[in-house]
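Here are the chains, one letter per residue:
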Amino acid sequence: MRDSVTIVGASLAGLRSAETLRRDGFGGRISLIGDEPHQPYDRPPLSKQVLAGDWEPERALLTPAEKLEPLGLDLRLGVRATGLDVAARELEVDGVAEPFDGLLIATGARCRTLPGNGSPVGVHTLRTLDDCLAIRAALDDGARRMVVIGAGFIGAEVASVAVGRGTSVTLVEALPAPFARVLGQEMGAVVADVHVANGVDLRCGVGVSSVAGEPGAMTVAMADGSDVYADLVVVGIGVVPNTEWLEGSGLTLDDGVVCDPTCLAAPNVVAAGDVARWTDPRTGESMRVEHWDNAVEQGRHAARRLLATDEEAEVFAPVPWFWSDQYDRKIQLAGRPHPDDEVRVVDGSTDERRFAAFYGRRGQLTAVLGMNRPRQVMQGRGLLEQGVGWDDALAVAAGWA
Amino acid sequence: MRIVVDYDLCESNAICMAIAPDVFEVRDDDFLYVLNEAPGEDRREKMEEAVQRCPKQAIAIED
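Which chain is which? The protein sequence lines are D and P, in order. Take the first sequence: its position 241, counted from the start at 1, is 241 in my numbering, and no numbers get skipped. Counting the second sequence from 1 gives a position; my numbering is that position plus 1000.
Next comes chain D alone, as it looks inside the complex:
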């Protein structure tokens, strides 16, 4: 039986794992360590309601104070884990070693920045509350032109909010089609059309050479020789897992903390959320999932794994799912499509921008995409959980129309 659990990372996966431990009756000490000074908050609203100015930051708290307090957590905010020695069962916090009993690693990820460019003032990324408030302040100050570098989902949501606030947006993507890495060419183009229809200047297939200037007068030099001018620039080109502090710890690091299929990284150590890499029992693929829902589910799973014996341990086999709100459209994806999967619209139509589509490969359903079709995506997620074949999935969807 464990006496205490130390959780490094006080965001979604970390806090939900702490709540799960208490809900399951764990009465020992739970330390929750986070490097940000803020009370644990939720990130999706940072590219939506908070950025739009519709919510004040307090509304984005993950758990309200009156529900947090009864959990009796040893909440250590504004401090940073700086090292780990798995064999000695020692964690280092701000340079000071302390013993741990059970350890849950949920240090998440941070934004990738433009290569070789430094980060001039006026170039933003969006990950933290402070990032969000900085972009929001620029919009409040009357920024009229924004360049978003990287047409992924964060960039797309920022573009959507900025357009809603009356800012002109140029969305730049180095790949030939936006969202294609996740959704494939065909469906990537459908999402891209939503942005164009809302007035975004979308430029695909061209890289960025440099960004220079100062807030209110930025110049983005494109690889094709053209310049785009902006009051501010937001870079959304993906994230890297926060594992530097684990170098030499004894854990295996490979674009994340490598875990076994039960989320165990080493004896007495588990990992969850954006930082965790494990082999998906469904597909045999090594994955690291950056979705909100995965942080919740994997946080719960890893917490229970830490209290379980090796015999009791269960594999973590979720069907990944995420949502993205852009303009008045809700985009949801369940599963993990490959860019060359077959795609079939099974409900609604892409012209109406209200549809559900299946992705399939080798006779198997691999993913379900919905635009303003939440019910169908969730039903499709159920099919993915059951491992339903392509033809059977199509037969089910035929009943939706």
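Among the hints, erroneous ones may be present.
Claimed, not checked - Restricting the straight-line Cα-Cα distance to at most 25 Å, the calculated cross-link-like pairs of lysine-lysine (DSS-like) are:
| id | chain 1 | residue 1 | chain 2 | residue 2 |
| --- | --- | --- | --- | --- |
| 1 | P | K1046 | D | K67 |
| 2 | P | K1056 | P | K1046 |
| 3 | D | K67 | P | K1056 |
The hints are simulated quantities; they were obtained by calculation from the structure and are not laboratory data.
Chain D is already provided as a structure; the job is to place chain P on it using the hints.
Chain P alone, transformed into the frame defined by chain D:
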């Protein structure tokens, strides 16, 4: 146990429906309907999962 949904927050992601289709249903009008506002105690774990996994934190359990 009573299930309370804050419809100002709910964005019909339908996660709750996937967890407990006997309690939550998102219909073709894209709105969430609570089919059973007072599920039995045997449903508590599922209801707590729905509370935790709602991306909008729009579901609450009142005892």
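Against the structure, the hints come out as follows:
Restraint check for K1046 (chain P) and K67 (chain D): the C-alpha separation of about 19 Å stays at or below 25 Å, so the hint holds. This hinted pair checks out: K1056 (chain P) and K1046 (chain P) have alpha carbons roughly 17 Å apart, not beyond 25 Å. For a cut-off of 25 Å, the pair hint linking K67 (chain D) to K1056 (chain P) stands: about 17 Å separates their Cα positions.
Checked against the numbered hints listed earlier, the structure breaks none of them; every hint is satisfied.
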